[in-house]
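Kindly generate the complete structure, drawing on both the sequences and the hints.
Just so you know, the protein sequences line up as chains A and V, in that order. Here the first sequence is numbered in the working numbering, starting from 1 and rising by one per residue. Here the second sequence is numbered in the working numbering, starting from 1 and rising by one per residue.
Treat the hints with care, as some may be off.
Said to hold, decoys possible - Capping the alpha-carbon separation at 27 Å, the derived lysine-lysine pairs in BS3-like fashion look like this: (1) V:K123 with V:K161; (2) V:K342 with A:K188; (3) A:K71 with V:K405; (4) V:K187 with A:K213; (5) V:K364 with V:K36; (6) V:K265 with A:K80; (7) V:K126 with V:K405; (8) A:K55 with V:K452; (9) V:K494 with A:K149; (10) V:K342 with A:K180; (11) V:K342 with A:K80; (12) V:K285 with V:K537; (13) V:K304 with V:K206; (14) A:K155 with V:K123; (15) V:K285 with A:K217; (16) V:K452 with V:K123; (17) V:K171 with A:K213; (18) V:K6 with V:K304; (19) V:K161 with A:K217; (20) A:K180 with V:K405; (21) V:K452 with V:K36; (22) V:K206 with A:K213; (23) A:K213 with V:K575; (24) V:K304 with V:K523; (25) V:K126 with V:K342; (26) V:K285 with V:K575; (27) V:K364 with V:K128; (28) V:K494 with V:K537; (29) V:K575 with A:K217; (30) A:K213 with V:K150; (31) V:K405 with A:K149; (32) V:K206 with V:K171; (33) V:K364 with V:K494; (34) V:K206 with A:K188; (35) A:K217 with V:K128; (36) V:K452 with V:K363; (37) V:K171 with V:K150; (38) V:K171 with A:K217; (39) V:K265 with V:K529; (40) A:K217 with V:K187.
Think of the hints as simulated: they come from the structure by calculation, not from any bench.
Chain by chain, the residues:
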Amino acid sequence: MKRRDSLKALALTAISSGTLLQSCEPKQTAAPSSDAKAGISSIDRHPFELARDQKLLTEKFFDDHEMNTIKVLIDIIIPKDEASGSATDAGVHDFIEFIVKDMPRHQLPLRGGLKWLDNQCLKNHNNVFINCSSSQQLALVDAIAYPEKAAPEMKQGVAFFNLLRDLTATGFFTSEIGLKDLGYAGNKPNRWDGVPQDVLEQYGLSYDERTLKESVKWDDEG
Amino acid sequence: MPFQIKENPQQYDVCIVGSGAGGGMAAYILTQAGLKVCVIEAGPWYDPAKNVTQLKWPWESPRRGAGTSFRPFGDFDAAYGGWELEGEPYTHVPGTQFDWFRSRMLGGRTNHWGRISLRFGPKDFKGKSHDGLGEDWPIGYEDVSPYYDKVDDLIGVFGSKEGIYNEPDGKFLPPPKPRLHELFIKKSATGLGVPVIPSRLSILTKKINDDRGACFYCSQCNRGCTVYGDFSSSSCLIKPATKTNNLDVIVNAMAREVLTDASGKATGVSYIANDDLQEYRIKAKVVVLAASACESARLLLNSKSQAHPNGLANSSNVVGKYLHDSTGSALGGILPQLFGRKRYNEDGVGGMHVYSPWWLDNKKLDFPRGYHIEYWGGMGMPGYGFGFGIQHLNGRYPDRNGQQKAGGGYGASLKDDYRYFWGASVGMAGRGEAVARETNYCEIDPNGVVDKYGIPVLRFNYQWSDYEIKQAKHMQETFQEIMHKMGAVITWGKAGAETNYGLEAPGRIIHEVGTTRMGNDPKKSVVNKFNQAHDCKNLFVVDGGPFVSQADKNPTWTILALSWRASDYIIEQFKQQNV
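Put into structure tokens, the structure is as follows:
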């Protein structure tokens, strides 16, 4: 297969898997136990992987109050700006709901942390976090968002906020909105022909003659 | 349902257990020669052109690419399996550690590996002659070299001719140019006397035949390649072998025992089918084990008979012994000069474009044997874990606007920090040679533990010695020097004596070999120099088991070369009617 044909075939497989090289169907005594097109996932999954993901997606971990609190917090962490939308715009709350079911080790720190947050707000403002004023919310976030500046009695809040910030960042920058914002330029067929010249110049670097001579080059046939 | 053993009526010339590098190569060579071959594989069929995870986006995984117990290297990784398999336990002698990675699928662990394809050098076959430790191989580089050449031609590997004595050059395709962080690494490491040369990976930078496409630089070899632009046994060996019409592949078939007759000759293999848990038998004139070093040893030890009371091919009592994995230690951090860097696609091939082969003389060091260094970094695709621990970074460096903030935070300014600091990471890991020792071994668990198939399981006994710990210390010192020299800041992996310098647990590097080692003396080895069992002439082992020593190279290319060599020998035995 020529390179451009293989790229064409690849583009096909990206939308409907299983179209490439079907002529080379091997002799088999058992059927493959997976089907890329079945169920919820666009990536190739085994039936039991699909079943597990499906089960996690139908379960509900956070109650409505907890989820509403998460939504407020993650948009404080990653708000909308001139470049892109907010964490909730990117569906980060859904990612967090899924990931705590996939990784149960996150469940107690998040649930307990949310409760700790409400405890603080009830004590100081006689209100749960989401019913506090925006300035009251931000004052508490300020007290837990900077680990090295935080008061010792805020340690529990710091641990909670560190985890929530991590999951928010991952959820956002692995979303379609976040990836575009970040400027990740890969995940597509291309030819790597080295660092762009202006970037080399920016860092005062260059390829030596041997590297230029011996590295892969392309002609019409690839 | 009546339980009875189901015997396949066909008499095969050869039955191969396992479809990874060793089994795939044997199947390819033996079927080309016209022999009727049956491969039995414990896992399901797999074809990267159909079982696609390549070119998917992070959000197509609900866990954003994080690992699961089924795919410990991430949700997009091609390899099924891991260090723990449900219903297939293994045990340890108390106080020892070994993590056993198994990949039950067509192609086995070749679907996962980093495609690093290094030849063993002349010294690597003669370790004992050089430092008095371990044992020499019964063969030398000159015996294997023609087969390395053939493997290069058949499968394809890129690299550069360097003329380094113990890092033999191959028949290379052109290598890709280094990425930006790799240029920084090259500059600083070279300045410290650590050589940095183009990596040697079995990825097609040029098309080599009409069955496989060339690399299109998505950096995702670990996901399996839809155009077969890299090597995996399933796509490059098993698939073409099926075209000869001389190959049957039975998948979801867990080998239980090698069958022998009263004279001790192998007559076939029995296996348990995963689907119905019934026992089946395959008859063959020759049996080739390629189930992985430990799995083949287990199979031999579980194949006891009157003729082989200590397990098959084990009159030496050596089966399972001399188990050794590569050493590994790693650290990484950030290159502050790359903050706020320009965006472009730097995916490149799946893995590093440069590496460092071993460069020192052990006579001047306090440990034997060397290591090579692997590198990574740059603007890779974000996945689960992206942005974790930003509080350790954005409090230490001024942001894009030159403002020094307290670490952590929230809001628009934090959002920009993630963009600003992205793409500045750099990391490195050593992969070194451990000395093979009789006291590191696997055996059949003496307390009677069985797996879900009713097959007795392995118990491991493995401990690192001072040699490996001192080697890891040297890795750490070297890595810290390289990082310092290029102005990088170490943010993880720095390790001292209390953690054995970050030395990974045995098994973690997934290069375990040595359990059926080759030799000329039947009292001290399991197979001869053609991978043929001393005790059973129609039985061969072609995985990593026959390795006498591991070298500081990844084992796959040598498994392929030796399996090809053993297959030529098997064909010769058929011609001479010795089997």
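Hints versus structure:
1. V:K123 with V:K161: 19 Å, holds
2. V:K342 with A:K188: Holds, at about 18 Å.
3. A:K71 with V:K405: 25 Å, holds
4. V:K187 with A:K213: Holds: K187 of chain V and K213 of chain A sit about 19 Å apart, inside 27 Å.
5. V:K364 with V:K36: Answer violated: K364 of chain V to K36 of chain V is near 53 Å, above 27 Å.
6. V:K265 with A:K80: With Cα atoms ~73 Å apart, K265 of chain V and K80 of chain A exceed 27 Å; violated.
7. V:K126 with V:K405: Not OK: K126 of chain V and K405 of chain V at ~57 Å, beyond 27 Å, violated.
8. A:K55 with V:K452: 25 Å, holds
9. V:K494 with A:K149: With a Cα-Cα distance of about 26 Å, the restraint between K494 of chain V and K149 of chain A holds, given a limit of 27 Å.
10. V:K342 with A:K180: 14 Å, holds
11. V:K342 with A:K80: Holds, because 23 Å separates the two Cα atoms, which is no more than 27 Å.
12. V:K285 with V:K537: This hinted pair holds, its Cα atoms lying about 11 Å apart.
13. V:K304 with V:K206: Roughly 49 Å between the alpha carbons, so the hint for K304 of chain V and K206 of chain V is violated.
14. A:K155 with V:K123: 56 Å, violated
15. V:K285 with A:K217: With a Cα-Cα distance of about 49 Å, the restraint between K285 of chain V and K217 of chain A is violated, given a limit of 27 Å.
16. V:K452 with V:K123: It is violated: about 43 Å lies between the C-alpha atoms, which goes past 27 Å.
17. V:K171 with A:K213: Roughly 17 Å between the alpha carbons, so the hint for K171 of chain V and K213 of chain A holds.
18. V:K6 with V:K304: The given pair, whose Cα atoms are some 21 Å apart, holds under the 27 Å limit.
19. V:K161 with A:K217: 17 Å, holds
20. A:K180 with V:K405: Holds, because 26 Å separates the two Cα atoms, which is no more than 27 Å.
21. V:K452 with V:K36: Answer violated: K452 of chain V to K36 of chain V is near 31 Å, above 27 Å.
22. V:K206 with A:K213: 16 Å, holds
23. A:K213 with V:K575: Distance of about 47 Å is beyond 27 Å: violated.
24. V:K304 with V:K523: Judged against 27 Å, a Cα distance of about 18 Å means the pair holds.
25. V:K126 with V:K342: Violated, at roughly 49 Å.
26. V:K285 with V:K575: 13 Å, holds
27. V:K364 with V:K128: 17 Å, holds
28. V:K494 with V:K537: Measuring from Cα to Cα gives roughly 50 Å; hence the hint is violated.
29. V:K575 with A:K217: Measuring from Cα to Cα gives roughly 45 Å; hence the hint is violated.
30. A:K213 with V:K150: The given pair, whose Cα atoms are some 26 Å apart, holds under the 27 Å limit.
31. V:K405 with A:K149: Holds - the C-alpha atoms of K149 of chain A and K405 of chain V are around 11 Å apart, at most 27 Å.
32. V:K206 with V:K171: 13 Å, holds
33. V:K364 with V:K494: It holds: about 24 Å lies between the C-alpha atoms, which stays within 27 Å.
34. V:K206 with A:K188: The hint holds at about 18 Å.
35. A:K217 with V:K128: 43 Å, violated
36. V:K452 with V:K363: Distance of about 49 Å is beyond 27 Å: violated.
37. V:K171 with V:K150: 9 Å, holds
38. V:K171 with A:K217: 17 Å, holds
39. V:K265 with V:K529: 19 Å, holds
40. A:K217 with V:K187: It holds: about 23 Å lies between the C-alpha atoms, which stays within 27 Å.
Checked against the numbered hints above, the structure breaks hints 5, 6, 7, 13, 14, 15, 16, 21, 23, 25, 28, 29, 35, 36 and satisfies the rest.
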